[in-house]
Amino acid sequence: MRAFICTFLLLTGALAFGMDAEVAFDDPAQLERYNNLNQQLRCLKCRFESIADSPLPIAADLRRQVKELMIAGKSDEEILQFMTERYGEYVLYKPPLSSRTWLLWAAPVVLLVGGVVAAFVVIMRKSRLPDTDPADPGLGTS
Amino acid sequence: MWRYIVPIAVFATLVGFFYFGLDRDQQTLPSPLIGKPAPVFSLPTVEDPTKTVSNKEFVGKPYLLNVWGTWCPECRYEHEVLLEIQRRQDVVIIGFDWKDELDSAQRWLTQLGNPYTVTVFDSEGRAAIDWGVYGAPESFLVDAQGIIVEKHVGALTMQIWEDKFLPKLKEMRE
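Listed in order, the protein sequences are those of chains A and S.
Per this note's numbering, numbering through the first sequence is continuous, rising by one, with the last residue being 142.
Per this note's numbering, numbering through the second sequence is continuous, rising by one, with the last residue being 174.
For reference, chain A alone in the conformation it holds in the complex (with noise of 0.2 Å):
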């Protein structure tokens, strides 16, 4: 269990020195629309993390340069523009709605609407069948 624990530790603190050894901005709010700009960006190295979780070197250029950009007064349009016209739309963890990804974007209410309807015409046809099985009462039972 203790070498477990060191093991453990000793990982988790490698990660944390690949991440910046300084604070990017000392006012809370600048702090958090950097991160919350760093959240919406991905790592394209790494894919599944933003850049802001990625401890990828070139995760920290790229929090560098959004640092740098809002120092230079950029809107948070303007840095993600900047952004994907270098590294394309899958740089963005929220894609625009357009016609290559509404699919994307609808794919939560279709399943969400075709699976509402399944269980209903599923409880509707169960609980208009008499119950013939006097073990097992199934829905429609009183």
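Derived from the structure by calculation, the hints contain no laboratory data.
The model shown is predicted, which means the values in this text are computed figures rather than measured ones.
Accuracy of the hints is not assured; some may be wrong.
[Claimed, not checked] To give an idea of the chain S side of the interface with chain A (calculated C-beta under 7 Å), a few residues:
| # | residue |
| --- | --- |
| 1 | LEU29 |
| 2 | ILE129 |
| 3 | TYR134 |
| 4 | GLY135 |
[What the hints assert, rightly or not] Derived pair list, reagent style PhoX-like, types lysine-lysine, alpha-carbon separation capped at 25 Å:
| # | chain 1 | residue 1 | chain 2 | residue 2 |
| --- | --- | --- | --- | --- |
| 5 | S | LYS164 | A | LYS45 |
| 6 | S | LYS99 | A | LYS67 |
| 7 | S | LYS168 | S | LYS61 |
| 8 | A | LYS45 | S | LYS99 |
| 9 | S | LYS36 | A | LYS74 |
| 10 | S | LYS56 | S | LYS170 |
| 11 | A | LYS45 | S | LYS36 |
| 12 | A | LYS45 | A | LYS67 |
Note that beta-carbon positions come from the ideal geometry of N, C-alpha and C, so glycine has one too.
With chain A's structure known, arrange chain S on it following the hints.
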């Protein structure tokens, strides 16, 4: 009737998604830079860091920009291919040494051979961001007008070079 059609349709849709998902190349992302002017950089060279070179100087003939680093294992594997491309004199190759140590880079070129006409040194990785670089090796083919016409992420092989890049070079010469 529906009892059979619905599950089969759902199953077929899933199979379709998985099939195309498998078939897709997961590593390569489309670059928004293809068809756009190559971003201009002005960087010190690995050969002589007191001297800077800009890719503006190469406009007028096509070139291949190859992003590499001595920390990148795939680049070592790719190096042979670059040497072969240079031997064949298919195109001028510009090296882009990304987030590296100068002395390691110099040693790399002396020991493994130098396929590059010149190698620029981007130690901080700022110019690389303009090119949308996210992992070495990456290669960009730029035409004589300075437009990016092809990009490859990952190590080049002779196969990829001949299938993807050489036809574009031929097209340019026509």
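So, going through the hints one by one against the coordinates:
Residue-level restraint check for S/LEU29 holds (minimum Cβ-Cβ distance to chain A is 5 Å; threshold 7 Å). Because the smallest distance between the Cβ of S/ILE129 and any Cβ of chain A comes to about 6 Å, under 7 Å, the interface hint for this residue holds. Taken as an interface hint, S/TYR134 checks out: its beta carbon lies about 4 Å from the nearest beta carbon of chain A, inside 7 Å. Annotation: S/GLY135 was flagged as interfacial toward chain A, and the flag holds, the nearest CB pair being 5 Å apart, inside 7 Å.
Only pairs whose Cα atoms come within 25 Å are accepted, and S/LYS164 paired with A/LYS45 is accepted, the gap being roughly 23 Å. Our distance criterion of 25 Å between C-alpha atoms is met by S/LYS99 and A/LYS67, whose separation comes to about 19 Å. Restraint check for S/LYS168 and S/LYS61: the C-alpha separation of about 13 Å stays at or below 25 Å, so the hint holds. Annotation: proposed proximity of A/LYS45 to S/LYS99 holds, straight-line Cα distance about 15 Å (limit 25 Å).
A distance of roughly 23 Å separates the Cα atoms of S/LYS36 and A/LYS74; the hinted pair therefore holds under the 25 Å criterion. For the hint pairing S/LYS56 with S/LYS170, the CA-to-CA distance comes to about 22 Å; that is within 25 Å, so the pair holds. Our distance criterion of 25 Å between C-alpha atoms is met by A/LYS45 and S/LYS36, whose separation comes to about 23 Å. With a C-alpha separation of about 20 Å, the suggested pair A/LYS45 and A/LYS67 falls inside the 25 Å cut-off, and the hint holds.
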